[in-house]
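Given chain A, put chain B in place with the hints provided.
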Amino acid sequence: MRKIFAYPQSLTPSPMHYCPGCTHGTIHRMVAESLDELGLRERAVGIAPVGCSVLAYDYFNCDMFEASHGRAPAVATGAKRCRPDLIVFTYQGDGDLASIGTAEIIHAANRGEKVTVIFVNNAIYGMTGGQMAPTTMPGQITTTCPFGRDPGHEGYPIRMVELLSTLKTPAYLARVAVHTPLHTIQAKQAIREAFRLQAQDVCFTMVEILSTCPTNWGLTNTESNKWLEENMVPFYPLGVLKRPGTDDE
Amino acid sequence: MKGCEAIGEAAIRAGCRNFFGYPITPQTEVPEYLAKRFPEVGGSFVQAESEVAAINMLYGGAGVGKRVLTTSSSPGISLMAEGLSYVAACHLPVVLVNIVRAGPGLGGILPAQSDYLQATKGHGHGDYKLVVLAPSSVQEAVDLIYEAFDLADHYLTPVMVMGDGMIGQMMEPVEFPPERDLGDLPTKPWAATGAVGRKPNIINSLYLKEEECHANNVKLKEKYDRIEKKEKRSESYACRGDDLDVLVVAYGTMARICKTAADELKNKDTDKIGIFRPISLWPYPYEALAKQAQKAKKILVVEMSMGQMVDDVKLAVLGTRPIEFYGLTGGLVPSPDDVADRLRGMLN
Chain A
1 MRKIFAYPQS LTPSPMHYCP GCTHGTIHRM VAESLDELGL RERAVGIAPV
51 GCSVLAYDYF NCDMFEASHG RAPAVATGAK RCRPDLIVFT YQGDGDLASI
101 GTAEIIHAAN RGEKVTVIFV NNAIYGMTGG QMAPTTMPGQ ITTTCPFGRD
151 PGHEGYPIRM VELLSTLKTP AYLARVAVHT PLHTIQAKQA IREAFRLQAQ
201 DVCFTMVEIL STCPTNWGLT NTESNKWLEE NMVPFYPLGV LKRPGTDDE
Chain B
1 MKGCEAIGEA AIRAGCRNFF GYPITPQTEV PEYLAKRFPE VGGSFVQAES
51 EVAAINMLYG GAGVGKRVLT TSSSPGISLM AEGLSYVAAC HLPVVLVNIV
101 RAGPGLGGIL PAQSDYLQAT KGHGHGDYKL VVLAPSSVQE AVDLIYEAFD
151 LADHYLTPVM VMGDGMIGQM MEPVEFPPER DLGDLPTKPW AATGAVGRKP
201 NIINSLYLKE EECHANNVKL KEKYDRIEKK EKRSESYACR GDDLDVLVVA
251 YGTMARICKT AADELKNKDT DKIGIFRPIS LWPYPYEALA KQAQKAKKIL
301 VVEMSMGQMV DDVKLAVLGT RPIEFYGLTG GLVPSPDDVA DRLRGMLN
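Quick mapping for you: the protein sequence lines, in order, are chains A and B.
The opening position of the first sequence corresponds to residue 1 in my numbering, with each subsequent residue numbered one higher.
The opening position of the second sequence corresponds to residue 1 in my numbering, with each subsequent residue numbered one higher.
If we strip away everything but chain A, and leave its shape as in the complex, we get (with noise of 0.2 Å):
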């Protein structure tokens, strides 16, 4: 008999603290697979900082580093410069990335850092207890703004990957999101390509993943993919926005 589905390799047993819902044990299963499919968990080394997925070097059974909040693209910079032959993934929520660590990720992109980033973003604070992130929606209401995001008191959202794809040294910028099977399909397919575009010693991969929080939007799952699919999808367009030769005037 022929073996056609397994648990991933690079996913240790240990059970997973996310709350029911949540998208996080999908990603880390698609970030899996693909160090699994291409050959490259001996060679990994993922950087989690602080967020939900902080406790993520628990899940991924490869060498993993936890960080400070925001600085997963600084530790991955120093890693990657030392040994140039490690495949070096940051996982990183979007209050770490898009707001305490905005230096790190605009400069690590800008250095071209040979590293792949993978950038969840569920539009609030999620281990904190669901505060206003840079990404919030208008109106969406958080903890801290518990009236709804005012555009004119708290700015509207930020958009990543459009921001870092205003530079020109970055190769690999994908939106996806996972609140469909066959959008999950298009998350892993895009997941894996900034996988293999980093083996190929191509510079800096990011895949931003739109992705749902059940607990912390006060919404049922169903619902809540629902919500991301009519409120996030607009403002934040799925797709590739920068691949490798798309800026090369």
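These aren't lab readings, by the way, just hints derived from the structure by calculation.
Heads up, a few of these hints could be off.
[As the list claims (entries may be wrong)] List of simulated lysine-lysine pairs, DSSO-like, C-alpha gap at most 27 Å:
| # | chain 1 | residue 1 | chain 2 | residue 2 |
| --- | --- | --- | --- | --- |
| 1 | B | K199 | A | K3 |
| 2 | A | K168 | B | K232 |
| 3 | B | K291 | B | K223 |
| 4 | B | K221 | B | K314 |
[Unchecked claim] Covered, in the sense of this in silico footprint (three residues per stretch, anywhere, with C-beta under 8 Å from a C-beta of chain B), are these stretches of chain A:
| # | segment |
| --- | --- |
| 5 | 40-53 |
| 6 | 59-66 |
[To be verified] Just a few of them, taken from the derived set where beta-carbon distance is under 10 Å, the chain B residues facing chain A:
| # | residue |
| --- | --- |
| 7 | N18 |
| 8 | A48 |
| 9 | V52 |
| 10 | A53 |
| 11 | Y59 |
| 12 | E82 |
| 13 | G197 |
| 14 | N201 |
| 15 | I202 |
| 16 | L206 |
A virtual CB, placed ideally from N, CA and C, is assigned to each residue, including glycine.
Quick look at chain B alone, frame taken from chain A:
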């Protein structure tokens, strides 16, 4: 050779091939030197976007098992506080250099010794310590940088070489130690180098269970106890005989100036001025200082600060001798005459 350049070269001799740093006066000649020199030895130089990023790059580089260096000056070192706490908590070996300039705030770019408390007592959050070595010449800076990498690797801890702006900016002849064979550097089986044929290595300072977090603190404390036992360094100058009129306590370049002052007094006033120079500011050489202090009637602490080391001298002497302080800061450097005048005042 200029101090900053000699520091860069010493790091190369010690087997360091990865530098991450941000320009700040008066240490910018270190990154400038390494940016030029590293390509000749196969090193990698990265100009970080900030000191915050630089220390985290060190965290990543040390975590994958390489000898890594950053250099900065006071305000930049402040920005590294958070990252350094993580480095210490994860038991990672890194070497950093602080070429101290006058503070607080933006202060000034001239030499000072006003980061003593930050380096030895405070800095980042949590129960951690930094090994702090203070050279008083360019040659000693070279020797201590070379040694700092070994200390860091041996104890798996961050080590700081702290010099005032004069150490970075003055030129002196130096002799470099032999270049370390990169193949002979300590192996680091704990490093995150790819999980080939072993369980994953994890570089982590998060312990959500209180017993585990406490256990890491105990592990750190035991390491610091070992360092305190073995790594105290100091120098005594002109502490001959059993009775000194004054024992001067000073470190770094200030100690050199005090030696000149003591030599000046020797010819006209008294030959009973001794100098005690702590070389390791942490661990502080309390016992060696206490021994010399017993010979003296009085003690004078001289610093280019408002007296940040005085408390440590008090702890060494435990109230048995009167302690006076003399210092200038803000970029003012006490001259040998200034110190000699102050000493003359204490003799009468």
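* Any CB of chain A closer than 10 Å to the CB of B/I202? -> Constraint on B/I202 satisfied, holds at 5 Å.
* To do: Verify the interface restraint on B/L206: the C-beta must sit less than 10 Å from at least one C-beta of chain A.
  => Result: holds, 5 Å to nearest chain A Cβ.
* Can the restraint linking B/K199 and A/K3 be considered satisfied, given a maximum Cα separation of 27 Å? -> 25 Å, holds
* Using Cβ atoms only, decide whether B/A48 comes closer than 10 Å to chain A, and label the hint accordingly. => 7 Å, holds
* Does the CB of B/Y59 sit less than 10 Å away from some CB of chain A? -> Cβ of B/Y59 sits 5 Å from chain A, so the hint holds.
* Given hint B/N201 near chain A, where the shortest CB pair must fall under 10 Å -> Holds, about 5 Å.
* Starting from B/K291, check that the Cα of B/K223 is at most 27 Å away, please. => Given pair B/K291, B/K223 holds - Cα atoms ~26 Å apart, limit 27 Å.
* Asked: Three or more residues of the segment 59-66 of chain A near chain B by CB distance under 8 Å?
  -> Coverage by chain B holds here, the residue count being 7 at a Cβ distance below 8 Å.
* Can B/E82 be said to touch chain A, with a Cβ gap under 10 Å? -> Holds, about 6 Å.
* Asked: Straight-line Cα separation of A/K168 and B/K232 no greater than 27 Å?
  -> 51 Å, violated
* Asked: Under the criterion of a CB-CB separation shorter than 10 Å, is B/G197 in contact with chain A as hinted?
  -> 8 Å, holds
* Agreement of B/K221 and B/K314 with the hint, judged by alpha carbon distance not exceeding 27 Å -> Holds, because 23 Å separates the two Cα atoms, which is no more than 27 Å.
When held up to the earlier numbered hints, the structure conflicts with hint 2 and nothing else.
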